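Engineer: Here are the chains, one letter per residue:
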Amino acid sequence: MKRFKNRDIIDINDFPREELLYILKIAKKFDPVFVKKDRSNYTIAQGKIAALLFFEPSTRTEQSFRSAAQKIGMGTIGFNDPEATSIHKGESFSDTIRIMDAYADVLIIRHPEAFSAKTAADVAQIPVINAGDGPNQHPTQTMLDLYTILKQFGRLDNLKIALVGNQKHYRTMHALSAAMFKFSNNKIYGISPKGLEMPAEFKHANYFDEPIDMRKLNRKLSEIKPDIIYAGRIPKEYMKGDVKKYSYQIDKETLKCLPKSTVIMHPLPRVNEIDPEVDASPAAIYFTQARNGLYVREALLTLILGRI
Amino acid sequence: MKRFKNRDIIDINDFPREELLYILKIAKKFDPVFVKKDRSNYTIAQGKIAALLFFEPSTRTEQSFRSAAQKIGMGTIGFNDPEATSIHKGESFSDTIRIMDAYADVLIIRHPEAFSAKTAADVAQIPVINAGDGPNQHPTQTMLDLYTILKQFGRLDNLKIALVGNQKHYRTMHALSAAMFKFSNNKIYGISPKGLEMPAEFKHANYFDEPIDMRKLNRKLSEIKPDIIYAGRIPKEYMKGDVKKYSYQIDKETLKCLPKSTVIMHPLPRVNEIDPEVDASPAAIYFTQARNGLYVREALLTLILGRI
Amino acid sequence: MKRFKNRDIIDINDFPREELLYILKIAKKFDPVFVKKDRSNYTIAQGKIAALLFFEPSTRTEQSFRSAAQKIGMGTIGFNDPEATSIHKGESFSDTIRIMDAYADVLIIRHPEAFSAKTAADVAQIPVINAGDGPNQHPTQTMLDLYTILKQFGRLDNLKIALVGNQKHYRTMHALSAAMFKFSNNKIYGISPKGLEMPAEFKHANYFDEPIDMRKLNRKLSEIKPDIIYAGRIPKEYMKGDVKKYSYQIDKETLKCLPKSTVIMHPLPRVNEIDPEVDASPAAIYFTQARNGLYVREALLTLILGRI
Numbered sequence: 009m010k011r012f013k014n015r016d017i018i019d020i021n022d023f024p025r026e027e028l029l030y031i032l033k034i035a036k037k038f039d040p041v042f043v044k045k046d047r048s049n050y051t052i053a054q055g056k057i058a059a060l061l062f063f064e065p066s067t068r069t070e071q072s073f074r075s076a077a078q079k080i081g082m083g084t085i086g087f088n089d090p091e092a093t094s095i096h097k098g099e100s101f102s103d104t105i106r107i108m109d110a111y112a113d114v115l116i117i118r119h120p121e122a123f124s125a126k127t128a129a130d131v132a133q134i135p136v137i138n139a140g141d142g143p144n145q146h147p148t149q150t151m152l153d154l155y156t157i158l159k160q161f162g163r164l165d166n167l168k169i170a171l172v173g174n175q176k177h178y179r180t181m182h183a184l185s186a187a188m189f190k191f192s193n194n195k196i197y198g199i200s201p202k203g204l205e206m207p208a209e210f211k212h213a214n215y216f217d218e219p220i221d222m223r224k225l226n227r228k229l230s231e232i233k234p235d236i237i238y239a240g241r242i243p244k245e246y247m248k249g250d251v252k253k254y255s256y257q258i259d260k261e262t263l264k265c266l267p268k269s270t271v272i273m274h275p276l277p278r279v280n281e282i283d284p285e286v287d288a289s290p291a292a293i294y295f296t297q298a299r300n301g302l303y304v305r306e307a308l309l310t311l312i313l314g315r316i
Numbered sequence: 009m010k011r012f013k014n015r016d017i018i019d020i021n022d023f024p025r026e027e028l029l030y031i032l033k034i035a036k037k038f039d040p041v042f043v044k045k046d047r048s049n050y051t052i053a054q055g056k057i058a059a060l061l062f063f064e065p066s067t068r069t070e071q072s073f074r075s076a077a078q079k080i081g082m083g084t085i086g087f088n089d090p091e092a093t094s095i096h097k098g099e100s101f102s103d104t105i106r107i108m109d110a111y112a113d114v115l116i117i118r119h120p121e122a123f124s125a126k127t128a129a130d131v132a133q134i135p136v137i138n139a140g141d142g143p144n145q146h147p148t149q150t151m152l153d154l155y156t157i158l159k160q161f162g163r164l165d166n167l168k169i170a171l172v173g174n175q176k177h178y179r180t181m182h183a184l185s186a187a188m189f190k191f192s193n194n195k196i197y198g199i200s201p202k203g204l205e206m207p208a209e210f211k212h213a214n215y216f217d218e219p220i221d222m223r224k225l226n227r228k229l230s231e232i233k234p235d236i237i238y239a240g241r242i243p244k245e246y247m248k249g250d251v252k253k254y255s256y257q258i259d260k261e262t263l264k265c266l267p268k269s270t271v272i273m274h275p276l277p278r279v280n281e282i283d284p285e286v287d288a289s290p291a292a293i294y295f296t297q298a299r300n301g302l303y304v305r306e307a308l309l310t311l312i313l314g315r316i
Numbered sequence: 009m010k011r012f013k014n015r016d017i018i019d020i021n022d023f024p025r026e027e028l029l030y031i032l033k034i035a036k037k038f039d040p041v042f043v044k045k046d047r048s049n050y051t052i053a054q055g056k057i058a059a060l061l062f063f064e065p066s067t068r069t070e071q072s073f074r075s076a077a078q079k080i081g082m083g084t085i086g087f088n089d090p091e092a093t094s095i096h097k098g099e100s101f102s103d104t105i106r107i108m109d110a111y112a113d114v115l116i117i118r119h120p121e122a123f124s125a126k127t128a129a130d131v132a133q134i135p136v137i138n139a140g141d142g143p144n145q146h147p148t149q150t151m152l153d154l155y156t157i158l159k160q161f162g163r164l165d166n167l168k169i170a171l172v173g174n175q176k177h178y179r180t181m182h183a184l185s186a187a188m189f190k191f192s193n194n195k196i197y198g199i200s201p202k203g204l205e206m207p208a209e210f211k212h213a214n215y216f217d218e219p220i221d222m223r224k225l226n227r228k229l230s231e232i233k234p235d236i237i238y239a240g241r242i243p244k245e246y247m248k249g250d251v252k253k254y255s256y257q258i259d260k261e262t263l264k265c266l267p268k269s270t271v272i273m274h275p276l277p278r279v280n281e282i283d284p285e286v287d288a289s290p291a292a293i294y295f296t297q298a299r300n301g302l303y304v305r306e307a308l309l310t311l312i313l314g315r316i
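Protein chains in written order, with the working numbering: chain A, 9 to 316; chain P, 9 to 316; chain G, 9 to 316.
Since the hints were made in silico from the structure, they are not lab data. Nothing here was measured: the structure is a model prediction, and the numbers come from that model. Not one of these hints is a red herring.
One copy or two, either will do: identical chains are not told apart, so a pair holds if it fits within one copy or between any two.
Within a straight-line C-alpha distance of at most 30 angstroms, the following computed BS3-like cross-link-like pairs (lysine-lysine) qualify:
| hint | residue 1 | residue 2 |
| --- | --- | --- |
| 1 | K126 | K260 |
| 2 | K244 | K202 |
| 3 | K45 | K13 |
| 4 | K159 | K268 |
All chains, full assembly: derive it from the sequences and hints.
Structural biologist: Here's what the structure looks like:
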């Protein structure tokens, strides 16, 4: 296992199975479900600064990182203005990274362009965390998804996962699919409207395409009996022809078609994919999933600062 | 007296007399006027996070809360962008609250709609502080007003208060009026242009309407001899007919009409209601009033986090 | 030497030679180049609040101050919105300062108008740091420039400095020129296009105007053999007639014309003044210069809070 101190967190595929499990094990130390008493985490990284460079806004991810950093005692700086890219008239991306590198101990970068986080990591002396580089990667989202599954089932093996929605353009589903095949005997079912199936590079032997008219979702789910439903949006720009075939909502009727132990995940924000009446069900773990992001990010910051 | 730990702070009317007095007593512990030596308040809530959800901007209130939270050692997250309501396309208010609830230990919410803070409190697991819900309530403003009066006079009883300005539409005056009648023998005089008198639900037996042509303000004040003048803006949209009747300014001439012990309060920002030449007078306590907000907010955060 | 505690930092000219040297000596205590082990600087000012009042945005300066403040344990509040000046409809500049004065322990102010920081200092009870008041002053920039020179050469005397660019309108060059003449035997060469020479009030006996067609920059530099090149932008609005005479870029060819020991400084951001291929040269110290700003600002905050 490579050292975590000073390591860049760019792509989920950079982390083999045992490294992922190690990160998740450390995340448990920050989760009050596992660690009841006050552990004084705020002393871990006092005097250290996290710079959040959000070249596109992402309130949710930014807030989660800002909270995680401060919970372990760090200060936070940075910007979240889409104008920030041009704020220093004519300044290059590399120069912006180098300056922020001078002011901080960790860079957390969100950028609309693929591979921009890698470029930043090449320029910066301090470690860089990719908080989403356009269509490409958002590794801490995948890690929190894995943590959520591990916390729920006690394992990352022998699971049946139904991905529901747009697998073709969905960064989160690409990465989760690829990551789950690092573990044993997982089966993934891609339930999407026709034409929005998972690209080949993210699939493995146990990936099964299940393109359907989405109005038939409940029937399909009752056949598959998944342990996990991972739902996501289908943006309008990807709907072609009969729009109704793309429409789906997980509701109380859906719950009736599922085993009692099935859980529903969603990276959020949701629009209509999940009826709020489902929220009260024990199957609905999407808000817990968001909460888990905090613990995974606390763990990662602690690890790359060499404080564990 | 109910426990303060984990309690929501939504409406000043939720707090009986003895609870208000208890909050003000705790606030004194954060006020350098009463506590000279450095009390290391920054250790009170280290590792805890305050999320400031400002669905409408309010620089002053936000800065005061952010300062108070950090003075007791908390980290702060949140947003203050009027666009924040729509930032997650299509996300519901409840979902936004639930997500921020996952990232923080206290929610401080400002929103243009009445009762939105109550809605947030119903959804959130962590305590919620209402930092202004449109025309309705802004309880920490009222608490700092009470604290300012108590600090100045040593009592909240037997006081004559002249409210000057627009009592009809002024949240701050509504709540202060209602709160002062929880204490004994206070008289309140509502000095406003005709048509802008206090609504009935905020008045008690000792409330006296004094509608006047505001150019006669000094004469009216010299009759009343108030202990406290509480001044506020009259926005242009409420002026009807002869605009000059709505115009007032407290200036050096006004001071001459008043007892030496009268003080002038204002929730700020002011525009023309108080001449800056008054600022140097000992009667002018409106900047001290703003400063007191810090101590009241430090006290409240400490109480609802159960750290006292 | 005057006490630093509670002192305003408004104008570099307020600081005699020995005070500047003292500030730079304290800055060394925050620079990991000089202080290897973790000094727990974060305990210096815990519980204190820095308010950053950026009436015009300046991401770089703001981030540097926010990082410095938090590195010594302070909390930070403030705004950076150009709209902030009008955010409280009709509120005066003085009132805004007085309110923020109530919420903080140090004010750091950036404003487009000359002498606004002085006005703020006259109103505020707490110390004020000028972070740039339009065309006038930006004293912490000058201090970090001096620190960078001292760190590089071990002295602030007997140096040859070539200012390259627009000396006429460049606040940073004005102040650096004036400051360097507080030390002994420095020679300054102002290399600018004709018409953009340094104004008389910032020059001393050893200041030499060298107006040239900027395409001849390399030849001029090989004549002067400066210890330091301090480069800056020439904004388009100052270019008159043949624009090519204003164009310059320091590149690998320039490096060949210079002594090995010459270093290149730039306040950043750069546009085309320095070719990125120069960055790898040991002569390129402009990113180190930015980094030094952090240590100088940590030192200043520590000094004016009386924590040293």
